Amino acid sequence: YHTLLASMDGTSSVQEKLEELKREGIFSEAEANSIDVADIEKFFTSEIGKRLQNSKKVFKEEAFEIMVNAEDITGIGEHKGAKMLLQGVIDCMFVEDSELVLLDYKTDKGLTDDEFLNHYSEQLLWYKKAAENRNSSFV
84 YHTLLASMDG TSSVQEKLEE LKREGIFSEA EANSIDVADI EKFFTSEIGK
134 RLQNSKKVFK EEAFEIMVNA EDITGIGEHK GAKMLLQGVI DCMFVEDSEL
184 VLLDYKTDKG LTDDEFLNHY SEQLLWYKKA AENRNSSFV
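Residue numbers for the sequence shown follow the numbering used here, so the first one is 84 and each next one is one higher.
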């Protein structure tokens with residue numbers, strides 16, 4: 084799912100892009116068959132999917148590095164004052180009304196909204212800090 088979502092550029096349908104990735108050897112036949120095209124089409128017809136498609140400025144697979152307080156990552160008081168390099172990749176960002184919107188592709192099923200937020204909110208907060216921090220380096 085992630086590779087297909089990241090490769091979508093608005094120039095072809097989900098099925099066409101999937102076939103293209105199969106021809107290029109990025110997906111095997113079995114991998115391609117495991118993807119529910121309707122799920123991805125549903126994303127692009129959702130509110131956030133439409134907002135993404137309407138954006139004039141989209142960034143995908145943005146690798147970043149940012150220095151953070153180690154205690155903020157580990158939660159261990161002994162790390163107070165120590166720094167840590169946090170590295171990651173933001174799946175997708177787009178500009179809307181002069182603001183940056185972060186998207187992180189998730190395919191988890193069966194989680195409640197509260198469970199989903201509890202599981203991923205900290206990750207998105209770090210992505211937000213990386214996107215906002217002038218000292219972060221997008222590599």
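No lab work stands behind these hints, which were simulated from the structure alone.
Please note: incorrect hints may appear among the correct ones.
Said to hold, decoys possible - List time: in silico DSBU-like cross-link candidates among lysine-lysine, alpha-carbon distance up to 35 angstroms: (1) Lys166 with Lys100; (2) Lys105 with Lys125; (3) Lys143 with Lys133; (4) Lys125 with Lys139; (5) Lys139 with Lys163; (6) Lys133 with Lys192; (7) Lys166 with Lys105; (8) Lys163 with Lys105; (9) Lys189 with Lys139; (10) Lys133 with Lys189; (11) Lys133 with Lys166; (12) Lys139 with Lys211; (13) Lys100 with Lys163; (14) Lys125 with Lys166; (15) Lys212 with Lys133.
As the list claims (entries may be wrong) - Ranges of calculated distance between the beta carbons of each label pair, as one might list FRET restraints: (16) Glu205 with Val120: 30 to 40 angstroms; (17) Gln136 with Asp197: 24 to 34 angstroms; (18) Glu99 with Glu144: 35 to 45 angstroms.
No experiment lies behind these values; they were computed from the predicted model shown.
By construction, the Cβ of each residue, glycine as well, lies at the ideal position given by its N, Cα and C atoms.
Hint check results:
no.	hint	result
1	Lys166 with Lys100	violated, 42 angstroms
2	Lys105 with Lys125	holds, 21 angstroms
3	Lys143 with Lys133	holds, 16 angstroms
4	Lys125 with Lys139	holds, 21 angstroms
5	Lys139 with Lys163	violated, 42 angstroms
6	Lys133 with Lys192	holds, 22 angstroms
7	Lys166 with Lys105	violated, 43 angstroms
8	Lys163 with Lys105	violated, 49 angstroms
9	Lys189 with Lys139	holds, 23 angstroms
10	Lys133 with Lys189	holds, 17 angstroms
11	Lys133 with Lys166	violated, 39 angstroms
12	Lys139 with Lys211	holds, 20 angstroms
13	Lys100 with Lys163	violated, 48 angstroms
14	Lys125 with Lys166	violated, 41 angstroms
15	Lys212 with Lys133	holds, 25 angstroms
16	Glu205 with Val120: 30 to 40 angstroms	holds, 32 angstroms
17	Gln136 with Asp197: 24 to 34 angstroms	holds, 29 angstroms
18	Glu99 with Glu144: 35 to 45 angstroms	violated, 21 angstroms
Comparing the model with each earlier hint shows violations of hints 1, 5, 7, 8, 11, 13, 14 and 18; every other hint is respected.
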